[in-house]
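Listed below, chain by chain, are the residues.
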Amino acid sequence: MRQFASFVRKEFCHILRDKRTLLILLVMPVIQIILFGFAISTDIRNIKIAILDSSQDNVTSYLIRQFEANKYFSVEKLVTSQREIDELFRQNKIDMVVVFENNFSRNIVHDGKASVQLIADGSNPNTATMAVNYASSIFMDYQLKIAQNMNGAASVSQFAAESTTSDIGGTTSVAAVTSSGTVTIIPTVKMLYNPQMKAAYNFVPGVMGLILMLICTMMTSIAIVREKEHGTMEVLLVSPVKPLSIIISKTIPYLVISFINLITIILLAVFVLGVPVSGSMSWLLAISTLFIFVSLSMGMLISTLVKTQAAAMLTSGLVMMMPGMLLSGLMFPVENMPWILQFVSIFVPARWYISAVKTIMIEGSGIAFAAKEVYILLAMAAVFITASLKRFKNRLE
Amino acid sequence: MINRDNIVIRTDQLTKSFGDFTAVDHISFSVEKGEIFGFLGANGAGKTTAMRMLCGLSKPTSGEGFVAGYNIRTQARQIRKNIGYMSQKFSLYEDLKVWENIRLFGGIYGLKEDAIREKTEVLLDKLGMTQQRERLVKTLPLGWKQKLAFSVAIFHEPKIVFLDEPTGGVDPTARREFWEMIYDTADKGITVFVTTHYMDEAEYCDRVSIMVDGRIDALDTPRRLKQTFKAESMDSVFTALAETSTRQSE
Amino acid sequence: MVSVSVENIKKSYNKTRALRGVSFEVSQGELFGIIGADGAGKSTIFRILTTLILPDSGRAAVEGYDVVSEYVKIREIVGYMPGRFSLYQDLSVEENLKFFATLFNTSVNENYDMIKDIYSYLKPFKSRKAGALSGGMKQKLALCCALIHRPKVLFLDEPTTGVDPVSRKDFWAMLKRLKEEGIAILVSTPYMDEAALCDRIALIDGGMFLRTDTPENIVKNFRREIISVSSSDMHSLLKDLRTIDQAQNCYSFGETHHVIFSEGVNYCDLSQIADYLSQRGHNDIEIKRIEPTIEDCYMLLEGGRHLNKYDK
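Protein chains in written order, with the numbering used here: chain S, 88 to 484; chain R, 381 to 630; chain Z, 513 to 824.
No lab work stands behind these hints, which were simulated from the structure alone.
Treat the hints with care, as some may be off.
Straight-line alpha carbon distances no greater than 25 Å define the calculated DSS-like cross-link-like pairs of lysine-lysine that follow [stated by the list, open to error]:
id, chain 1, residue 1, chain 2, residue 2
1, Z, K635, R, K606
2, S, K315, Z, K800
3, Z, K691, Z, K585
4, S, K315, Z, K610
5, R, K499, R, K606
6, Z, K691, Z, K635
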């Protein structure tokens, strides 16, 4: 035990003294989250929209003017048919279409509710989500104004919106009020090309998978191979220490760093990006631990296969990171891939981890819904650990 | 003794400091054309640092140095064109074949394809390696590797060739063959600047300098050094000087 | 008491035959040197004996334990210093030593007497990173780390390569003292002048032992006429010496040249050689009949395969 402790202490010394690498390891998740979270998905301006106004009444034209005045939207075209919409999407001229139903104004006055359809180009999920959100907020504003108007001027009992030209008195003049006093506009959202619509913070599970794999697989394999390359492994082998405990002791510091990163990512996600941990926190940590073990054992396996640090880096980079990024569902939805890639992705541990984290953290479902993923990861851990133990030699060759 | 017109290396109070540590401490010496100059010193005495400055790889903190007529401070590029360099650690690409290495280094020094091809034949023949031309360098015994590396270092006929412990670990026979190549090179007028830990090799040099704690504490022909220090061999001269060192560790 | 015994060990890497059948024994308290150039097979012997690699055939035992089946036992009782510097460069002198002590389930204090002499050189730098030490210091630290668990057998693979002559002498003095503790020491070196410091040596070339004996006996069995020659022009002297009939090997040796005569030449006439050389224009000729050194023996035994190539 004392031997083991001193091994772990030595390993921490190596890591803590290599300040640059340590800094990269700790700062990387922060940067990735910020990159994915902000640089890529927020502050979208000039969302190009078209409007199909079947109603052509004063409420719809008021709402259309709100779209035109909004800094996020630029209304490219007012269209009259569904065919025109398809054409515009195909030519990639617009990101979204707003379709008002027939008799929009009348429906509001009579039933207190009317429908509007938002059709967005889902191939760019971030833009699509933002567009839908901004559009919804325009409708919300409208509803709010009507409500305020009702409270403020109860005497106005029933009138259709008048004077669409007078924007100055917008709050009072544009109103459609029912007897009940409330108004609801129901937007139905339709995503083209990506109907299931990925969540905007899809990348949080992805970044978690990526970072954990990077640290556990790549860094562990490099650390073990470094001993081979520097010749210290020779001295360690010619000692009573069990070779296996040498290897395990090398993984411990990376285990610790992985947890630090895991916590960092979750905190950033919750407090900076506003992605809540909807499901059980303890299951989230448990699954992450399982994934860390899979990644560590993969790192150990790689270290038994290669002789140089450069080879370890390349192997973990090419074999793990590339498929990890491309096939895990982090970038492209797995179900949209050709069958051959879907098949390959079965063997990418990150795919199952990301999927499990989505289920638990984002969707807030119980562990039962991620059971398949857990079993697959358990099986992978067993296979990798067995393989690396089999491959590990007590001698140099 | 020294002919002023024939000087190819000259340093004047050459110094290199790293922080408050003076690795090379005001060294002044000259080396003549065609001379075999032994540059000795214990580990950490400052040999490597001095050699790096002479090759134009690092700038001196103070003092001046001229190699092949060029200032080491300002004309590093010209210097590198006029010198050859070979070290124990790196000299050839192990995963290239013998002839590929020769072609590569010929190309680096701007020799024409035809000239390279022609000279390659001469070189291989002289080394007795014509049969080995297609072999990967890593499969050659160390002694052969080092002889090949030396030939490549002087392939572009530099004015000076720097050899950093060229014979470390080489077997005694190959070591002597190597020195015979050094003699032939010096006869052609190429100056040989060599470091070694083999004291018998110090005897083969025309002149020898011994560095202690960054200074050159002795510089003369092996014969006169032995007389001065009343020593039997260069080994004893070296030991006597190195023991005066106060620098414990680099 | 026999500490290390090796019986007809063979080892090949792919097609390269690194060891072609090597046998020897080392006793407790003996300093056994394996002398030869890089690539002669020295490191392969060390790695087999330290249980790092398996021999293709033959048997070897360390303190009675078989290197193949009882490797765990061997790893507890041997100290090993591999050919290149194998300590942690980013750990301090003290940290390295402590680490290697715990590796063997002991502590620095417990066996301090073992390394006291050597460690006294290092003590002033105990908090310095190992990577920042000079060559001689690194080697002393590596020796301390190999000794800290009081091994019964010490394997030192080229401990003095690349180390300056003064540090090398210090190092050999340390080995002499260790030997008195009853430790069997196997050391390899490419420096022929270090051979004389061993109790017994094996000259190795091309994966085979050329001779295994005490340095004195190896010199005694040389049985060839050998002379040293010098003149004012050493370079042309070598070429002229090679034209002498019956001069089998001529090579430079420090400040003189050595000439080994062919078998059967018992006692050559030195004045005749001097005359011959002065005819060829040499001055200040000095010729002496000498005792061969280990290096002379090695070169004769190894056969000087490509020595005279430049005379073609």
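How the hints compare with the structure:
| no. | hint | verdict |
| --- | --- | --- |
| 1 | K635(Z) - K606(R) | violated, 35 Å |
| 2 | K315(S) - K800(Z) | violated, 52 Å |
| 3 | K691(Z) - K585(Z) | holds, 22 Å |
| 4 | K315(S) - K610(Z) | holds, 21 Å |
| 5 | K499(R) - K606(R) | violated, 41 Å |
| 6 | K691(Z) - K635(Z) | holds, 23 Å |
Checked against the numbered hints above, the structure violates hints 1, 2 and 5; every other hint is satisfied.
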